[in-house]
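Engineer: The lines below spell out each chain.
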Amino acid sequence: MRVLGLETSCDETGVAVYDSERGLLAHVLYTQIALHAEYGGVVPELASRDHVRKLLPLINEVMEKSDTGPADIDAIAYTSGPGLVGALMVGASFGRSLAYAWKVPAIGVHHMEGHLLAPMLEANPPEFPFVALLVSGGHTQLVKVNSLGDYELLGESIDDAAGEAFDKAAKMLDLDYPGGPQVARLAERGVDGRFKFPRPMVDRPGLDFSFSGLKTATLTAVNANKQANGLPDDQTCADIANAFQAAVVDTLVIKCKRALEQTGMKTLVIAGGVSANKKLRADLDSELAKIGAKVFYARHEFCTDNGAMIAYAGCQRLLAGQHETLAINIKARWPLDSLSSL
Amino acid sequence: MSLILALDTSTDACSVALNADGVITSLFEVAAKSHTQRLLPMVDELLKAKGCELTDLDAIAFGRGPGSFTGLRICAGIVQGLAFGASLPVIPVSTLEAMALGFYRANPDIHLPLAVALDARMNEVYWGLCARSGELVEPLVAEQVISPDVVVASTEVARLHGDFIGIGPGWHYPAMQTLATVNKVLNVHPHAENMALIAAKLFAEGKVVSALEAQPVYLRDSVSWQKRQRIRDSNDFLV
Ligand SMILES: Nc1ncnc2c1ncn2[C@@H]1O[C@H](COP(=O)(O)OP(=O)(O)O)[C@@H](O)[C@H]1O
Ligand SMILES: [Mg+2]
Chain Y
1 MRVLGLETSC
11 DETGVAVYDS
21 ERGLLAHVLY
31 TQIALHAEYG
41 GVVPELASRD
51 HVRKLLPLIN
61 EVMEKSDTGP
71 ADIDAIAYTS
81 GPGLVGALMV
91 GASFGRSLAY
101 AWKVPAIGVH
111 HMEGHLLAPM
121 LEANPPEFPF
131 VALLVSGGHT
141 QLVKVNSLGD
151 YELLGESIDD
161 AAGEAFDKAA
171 KMLDLDYPGG
181 PQVARLAERG
191 VDGRFKFPRP
201 MVDRPGLDFS
211 FSGLKTATLT
221 AVNANKQANG
231 LPDDQTCADI
241 ANAFQAAVVD
251 TLVIKCKRAL
261 EQTGMKTLVI
271 AGGVSANKKL
281 RADLDSELAK
291 IGAKVFYARH
301 EFCTDNGAMI
311 AYAGCQRLLA
321 GQHETLAINI
331 KARWPLDSLS
341 SL
Chain C
1 MSLILALDTS
11 TDACSVALNA
21 DGVITSLFEV
31 AAKSHTQRLL
41 PMVDELLKAK
51 GCELTDLDAI
61 AFGRGPGSFT
71 GLRICAGIVQ
81 GLAFGASLPV
91 IPVSTLEAMA
101 LGFYRANPDI
111 HLPLAVALDA
121 RMNEVYWGLC
131 ARSGELVEPL
141 VAEQVISPDV
151 VVASTEVARL
161 HGDFIGIGPG
171 WHYPAMQTLA
181 TVNKVLNVHP
191 HAENMALIAA
201 KLFAEGKVVS
211 ALEAQPVYLR
221 DSVSWQKRQR
231 IRDSNDFLV
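Same order as they appear, the protein sequences are chains Y and C. Residue 59 in the numbering used here sits at position 59 of the first sequence, with consecutive numbering throughout. Residue 55 in the numbering used here sits at position 55 of the second sequence, with consecutive numbering throughout.
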């Protein structure tokens, strides 16, 4: 079965072709980061306008790259939520009607399920069941994944998401949007231990997170060291970024270990934009090895939004017999654990 | 000779029409907030009723705007998908011209020019002037998004000496009332039927574009865009 996958839930237009026999055949991505940079965040109307312009050229490109003709496509999958309503509508309207024209099934995919399954695209995929840490701009959640579509929430952030915390720290350090990768890069040059930030909620039982206190600690450190230009010197900025990243990563690692212990599972999957973070990957690798558990993650480009994860998740749901009616349904809000198990 | 399917979701109305050599059939619903749910089923219903397949069509027309941004994008997205999928050319049609044609068809004795206004919110209207042209309409000015005050002061309007009829919901603005106290009809909406009629002429003239060029005409291209920082939040898991 060969599936064309479309992702337009936010500020990336992603298109991919996945084949259940041959794996991922091609994927292309257009990021609108430059478009939104001057606003310091995603502007929904501009994002939607850009998706309508970019989707078709990207489809032509991915079809050519994968040597796929319309007759080779067995289904079209598109992100139908959660995300920005207007942006979701573009991909869903286009994808649903293209499936109609090609007379193939259409499959609406949950964006976070896409993220969750992205590590399945790698050579050494994890096996069900496992614990998943979803860490992105909008999510910090620990999920018990029993099987495809069967998800139980174990814990989540009670305030900011981890990616959001990274983005806010970036702003305090005057780094460009989106700040997560920039904070991580700056942190590499930082001196370990010069600053020590709190690890919120780690000494309390449970699997919830809180990152808003860390925000305050970061801001206090920035203000206490600022020079005439309103910022600490370059090395101090790096040291603060280092301390910030260490605190987030430590917190995530502690909770992941705890979730594995509680569920008795030995497999952890990390997904979403923050799962691209090098220190998070390295620390999980070494810490989980100590308890005989293993961590799985997607290649860097499949940690943030992309079409490949949508094509993959869509293909799994197609194989399980799911498809959409002619009505196009978009869900800006959509609980992951309300999905049907397959 | 042509077979053209037209789609429109530029306002709260949702409509599809088929123009088979001048014979029009259509479906029309007021479906505010449910365009995505209704448009494709309506296309399917109309095609099936006429015993046609997408591939029998010569072209697909759509209401390219101005109108509701989201509505325009739903329509453009669906049209792109259908046209790309069935390898058909696309014919973008002005919603304001389609409204004017609809009014003329409903009022065969009226020959005055029409001043068409859709509410663009933020105290502005999408604005156009149209006249009869044979069986169809022709625009007298370039479409714009402007405030009612600018409409009132415009030389194009002054030149008509009050000999026009104002049509469309944009005429609700009090400033516009001073222009046309009697000759105005607010309850005029875009309808795919009129797009299908206009499109047949454009098709005959070769005025078609590719699926990729099936893009909305927003008219409003710069406002202080509102940014939104949090896209998906944890509530997506547990509501
Ligand atoms: N290397 C990294 N280190 C930390 N955070 C990162 C890294 N790369 C990306 N991010 C963060 O990931 C988030 C984007 O991930 P994504 O899955 O696209 O989120 P969403 O879909 O919720 O917007 C941003 O908050 C960004 O700062
Ligand atoms: Mg994402």
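In case anyone wonders, no lab produced these hints; they're calculated from the structure. Careful: at least some of the hints might be erroneous.
[Said to hold, decoys possible] Think about it this way: if two alpha-carbon atoms lie no more than 25 Å apart in a straight line, the pair counts; the simulated DSS-like pairs of lysine-lysine are: (1) LYS196(Y) <-> LYS65(Y); (2) LYS50(C) <-> LYS103(Y); (3) LYS257(Y) <-> LYS226(Y); (4) LYS103(Y) <-> LYS201(C); (5) LYS215(Y) <-> LYS266(Y); (6) LYS257(Y) <-> LYS196(Y); (7) LYS257(Y) <-> LYS144(Y); (8) LYS33(C) <-> LYS331(Y); (9) LYS54(Y) <-> LYS65(Y); (10) LYS54(Y) <-> LYS207(C); (11) LYS54(Y) <-> LYS257(Y); (12) LYS171(Y) <-> LYS279(Y).
Engineer: Mind checking the alpha carbons of LYS54(Y) and LYS65(Y) for me, to see if they're no more than 25 Å apart?
Structural biologist: Measuring from Cα to Cα gives roughly 17 Å; hence the hint holds.
Engineer: Tell me if the straight-line CA distance from LYS50(C) to LYS103(Y) falls inside 25 Å.
Structural biologist: holds, 18 Å
Engineer: Between LYS215(Y) and LYS266(Y), does the CA-CA distance stay at or below 25 Å?
Structural biologist: Given that 25 Å is the threshold and the Cα spacing comes to 32 Å, the pair is violated.
Engineer: Quick one, are LYS54(Y) and LYS257(Y) close enough, alpha carbons at most 25 Å?
Structural biologist: At roughly 41 Å apart (the allowed maximum being 25 Å), LYS257(Y) and LYS54(Y) break the hint.
Engineer: Assess, step by step, whether the Cα of LYS257(Y) is no farther than 25 Å from the Cα of LYS226(Y), and give holds or violated.
Structural biologist: violated, 37 Å
Engineer: Is LYS33(C) close enough to LYS331(Y), meaning Cα to Cα at most 25 Å?
Structural biologist: Roughly 13 Å between the alpha carbons, so the hint for LYS33(C) and LYS331(Y) holds.
Engineer: For the pair supplied as a hint, LYS103(Y) and LYS201(C), confirm whether the alpha-carbon distance does not exceed 25 Å.
Structural biologist: Status violated; Cα separation ~30 Å.
Engineer: Is LYS196(Y) close enough to LYS65(Y), meaning Cα to Cα at most 25 Å?
Structural biologist: violated, 49 Å
Engineer: Would you mind confirming whether the straight-line C-alpha gap from LYS171(Y) to LYS279(Y) stays at or under 25 Å?
Structural biologist: holds, 21 Å
Engineer: Hey, LYS257(Y) versus LYS196(Y), does the alpha-carbon distance stay inside 25 Å?
Structural biologist: holds, 22 Å
Engineer: Going straight from one Cα to the other, do LYS54(Y) and LYS207(C) come out at no more than 25 Å?
Structural biologist: Roughly 23 Å between the alpha carbons, so the hint for LYS54(Y) and LYS207(C) holds.
Engineer: For the pair we were handed, LYS257(Y) and LYS144(Y), check the Cα-Cα distance against 25 Å.
Structural biologist: Roughly 13 Å between the alpha carbons, so the hint for LYS257(Y) and LYS144(Y) holds.
The structure does not agree with the numbered hints 1, 3, 4, 5, 11 stated previously, though it agrees with the rest.
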